[in-house]
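K.L.:
Chain by chain, the residues:
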Amino acid sequence: MSQPSMSEALGGVVRRDLLLAMRHRSDVAMSVFFVVIVASLFPLGVGPEAAVLRMIGPGVLWVTALLACLLSLGRLFTADYLDGVLEQTALIPQSLAVLVIGKVFAHWVVSGLPVVLLSPLLGLQFGLDGVTLGVLTLSLLLGTPTLSMIGAIGAALTLGLRGSGLLVALLVLPLFIPVLIFGAGAVTSSVSGIGSEANLSLLGACFLLSFAFAPWATAVALRIALE
Amino acid sequence: MQWGSVSEFFAMGGYGLYVWVSFGVTALCMFGEVLAVWRRHAAAVAESRDVS
Amino acid sequence: MGINWFKYSSPQAFHPLAGKMIPWFSVAAGLLIIIGLYIGFFVAPTDFQQGDSYRIIFVHVPAAWMSMFLYVIMAAWAGVGLGLNARPSFMMAQAIAPTGAMFTFIALLTGAMWGKPTWGAWWVWDARLTSELILLFQYIGIILLRAAIDDLRRADRASAVLALVGVVNVPIIYFSVRWWNTLHQGASVSMTASPKMATTMLTAMLIMTVGFWMYSFAVTLARVRCVILDRERQPMWGNQTSIQEVAEAR
Numbered sequence: 001m002s003q004p005s006m007s008e009a010l011g012g013v014v015r016r017d018l019l020l021a022m023r024h025r026s027d028v029a030m031s032v033f034f035v036v037i038v039a040s041l042f043p044l045g046v047g048p049e050a051a052v053l054r055m056i057g058p059g060v061l062w063v064t065a066l067l068a069c070l071l072s073l074g075r076l077f078t079a080d081y082l083d084g085v086l087e088q089t090a091l092i093p094q095s096l097a098v099l100v101i102g103k104v105f106a107h108w109v110v111s112g113l114p115v116v117l118l119s120p121l122l123g124l125q126f127g128l129d130g131v132t133l134g135v136l137t138l139s140l141l142l143g144t145p146t147l148s149m150i151g152a153i154g155a156a157l158t159l160g161l162r163g164s165g166l167l168v169a170l171l172v173l174p175l176f177i178p179v180l181i182f183g184a185g186a187v188t189s190s191v192s193g194i195g196s197e198a199n200l201s202l203l204g205a206c207f208l209l210s211f212a213f214a215p216w217a218t219a220v221a222l223r224i225a226l227e
Numbered sequence: 001m002q003w004g005s006v007s008e009f010f011a012m013g014g015y016g017l018y019v020w021v022s023f024g025v026t027a028l029c030m031f032g033e034v035l036a037v038w039r040r041h042a043a044a045v046a047e048s049r050d051v052s
Numbered sequence: 001m002g003i004n005w006f007k008y009s010s011p012q013a014f015h016p017l018a019g020k021m022i023p024w025f026s027v028a029a030g031l032l033i034i035i036g037l038y039i040g041f042f043v044a045p046t047d048f049q050q051g052d053s054y055r056i057i058f059v060h061v062p063a064a065w066m067s068m069f070l071y072v073i074m075a076a077w078a079g080v081g082l083g084l085n086a087r088p089s090f091m092m093a094q095a096i097a098p099t100g101a102m103f104t105f106i107a108l109l110t111g112a113m114w115g116k117p118t119w120g121a122w123w124v125w126d127a128r129l130t131s132e133l134i135l136l137f138q139y140i141g142i143i144l145l146r147a148a149i150d151d152l153r154r155a156d157r158a159s160a161v162l163a164l165v166g167v168v169n170v171p172i173i174y175f176s177v178r179w180w181n182t183l184h185q186g187a188s189v190s191m192t193a194s195p196k197m198a199t200t201m202l203t204a205m206l207i208m209t210v211g212f213w214m215y216s217f218a219v220t221l222a223r224v225r226c227v228i229l230d231r232e233r234q235p236m237w238g239n240q241t242s243i244q245e246v247a248e249a250r
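Chains as they are written, first to last, in my numbering: chain U, 1 to 227; chain A, 1 to 52; chain W, 1 to 250.
Treat the hints as calculated values from the structure; they're not laboratory data. Predicted model only: the values in this text are computed from it and were never measured. Even glycine gets a Cβ: it sits at the ideal position worked out from N, Cα and C. Take these hints with a grain of salt, some might be off.
Cβ-Cβ distance ranges computed for the label pairs, FRET-style [claimed, not checked]: (1) U:Leu91 - W:Gly83: 22 to 28 Å; (2) W:Leu202 - U:Gly45: 48 to 54 Å; (3) U:Arg162 - W:Leu17: 34 to 40 Å; (4) W:Tyr38 - U:Leu141: 55 to 61 Å; (5) U:Arg15 - W:Trp125: 43 to 49 Å; (6) U:Arg15 - W:Arg153: 32 to 38 Å; (7) U:Arg162 - A:Asp50: 25 to 31 Å; (8) W:Arg153 - A:Ser7: 54 to 60 Å; (9) U:Trp216 - W:Trp125: 54 to 60 Å; (10) U:Gly47 - A:Phe10: 47 to 53 Å.
Based on the provided sequences and hints, a complete structural model is requested.
P.N.:
Pasting the structure below:
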C-alpha cells in the first residue's frame, strides 16, 4: 500500500468533514439562524434610530459573527474525539498540523462561510450602504477563518472536559480581541468615510500569523488531550 | 518632612480616599494571599501526615 | 552518584530547600516595602501637577510590572516544561499564576483609583489598561483550564500551551488597541506625556518593585511547596482516575 501524499490526506480530511456536515444540515442552519436572530435583537433593544444603528452596526455584526464561531467550536473535534477517529488521525504519518488545517477549513466552510455570505443582508438591517457592505463582507471573509483557526486551539485544549463549552469561551475570547478590533474597525472606518485598507491589511496580517502559528499549537494541544 | 500633622497626612491633600483605598486593597490582597498559602500548606502537611 | 543528583532535582529535595529560602525572601520583601513606603510617603515631595494622588503609583507601577514579569516567567517555565517534559517547571508555572493574577487585579484597581482624580474617569480604553485587563482574563483562563482538568499531566501541559499562546497575544492587543484609539480620537488619553519624575519618586518606585519581586519569590516558593505536597500525597493519581472511570461506567 502506497502512502497518501500530504495534499491527498488534506483533501481526504476536508472531503470527509464536509460530507459529515452535509448529513447534519440542521447544525449548519442553526449557527446561521443564531446570527440572524442575535443581529435582529440589537435594533429591538437599542431602538430603530438609523444613525445609532449605523454607528453600532459594525461592532454588533462582528461580535455576532464571533459568538457564532465560538458556539460552533464544540463541533470541531468532539465527534471525532468520542468515536476514536481523532486518535487514529493522530497516528497518520502526515503532520497533524496540516490535517488540523483541513479540519478547520471544513469547519469554516460550514460555520463561517454562511455568515460571510449572509452579512450584506444583515448589514442592510443596520442601514449600512453599498461600499460599506462590501467592506463588511470582505472583513468577515478575512476574519472568520482567523477566528476558526484561533478557536481550534481552545477547542483542542478543552477537548472532552466537563463544562468545556463555557471554558472554551473564556479561553478563546481574549485571543479573538485583535481580530474583532481590526475587523469592526475596517467597517467603522468605511462608515465614517476613512479608507479601510489599513485595517483590512492588519486583518490579513492576523490571518497569516494565525495560519502560521495556530495549526501547530492546535496539533500540540490535540496530542496532549489524546494522551 | 512635608506633613504638618497626622490628619494632614491622612487627608493626602484631598486625595485621601483614592490613595488609602489603593494602598489598603494592595495590603489586603498581599496579606490575604500569604494567609491563604500558609493555611494551604498547613492543611497539606496535616493531610500528608494522615496518609503516611 | 547519578541517583543522588537525580534526587536533588526532584520535588522531594526541593521542598526543604524552598523552605530554607522563604524566610530570607520574606524578610527582604518586608524591609524593602517598608523602606519604599517610607520614601514614598515621607521623602518624596508632593507633585506640583497631580498633588498627592500620584503616590498611588508607588503600588500601581510595581504591581503592573510584576503582573507582566510574572506572566513572562510563568510562560517561560511552561515552555521549559513542555520542551524538557520536566514536572518541577510545570509546578513553578502553576504556583506563579495566582500571584500574577493578584498583581494584575491590584494594577487595574489602583489604576482606576489614580484615573478618577487625574482623568476624571475610573476607566478609559487606553492601550495599557486594556492590555492589562486582557492579561487578567488570560491568567484567569489559565487557572480555570488547570482546574477543569483532573489528569495532572494533561492539566500541566494544556495550561502551558495556553500560557505560551497568551505571550503572543498580549503585545498584539497592546498594539491593536493603540491603533483602535487613533481611529476613535475622542476617547484616547495620552499617558506617555507624563512630567519628568523626581529622583526620590523613582527611587521609591524601584525599591517597591524589588520588594514586590521578593514577595513574589517568597509566595511562589511557598505555593510550590503546597503543590509538591498535594501531588506527592496522591502518587497513584493514574490509578485513581481509572478507578473513578470504572465506578462511573457502572
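K.L.:
Does each hint hold? Answer for all of them.
P.N.:
Okay, the hints, checked on the actual structure:
Between U:Leu91 and W:Gly83, the C-beta spacing of about 23 Å keeps the proposed range 22 to 28 Å intact. Checked against the given bound of 48 to 54 Å, the beta carbons of W:Leu202 and U:Gly45, roughly 49 Å apart, stay inside it. Under the hint 34 to 40 Å, the C-beta atoms of U:Arg162 and W:Leu17, about 37 Å apart, fit the expected range. The supplied range of 55 to 61 Å is met by W:Tyr38 and U:Leu141, whose beta-carbon atoms lie about 60 Å from each other.
Here the CB-CB span from U:Arg15 to W:Trp125 is close to 45 Å, well matched to the stated 43 to 49 Å. Our hint of 32 to 38 Å for U:Arg15 and W:Arg153 holds, since their Cβ atoms are close to 35 Å apart. In this structure the supplied range 25 to 31 Å holds for U:Arg162 paired with A:Asp50, their Cβ-Cβ distance being about 29 Å. About 59 Å separates the C-beta atoms of W:Arg153 and A:Ser7, a value consistent with the hinted range of 54 to 60 Å.
Between U:Trp216 and W:Trp125 the C-beta distance comes to about 32 Å, which lies outside the given range of 54 to 60 Å. Between U:Gly47 and A:Phe10 the beta carbons are some 48 Å apart, a value that agrees with the proposed interval 47 to 53 Å.
Going through the hint list in order, the structure does not satisfy hint 9, though it satisfies all others.
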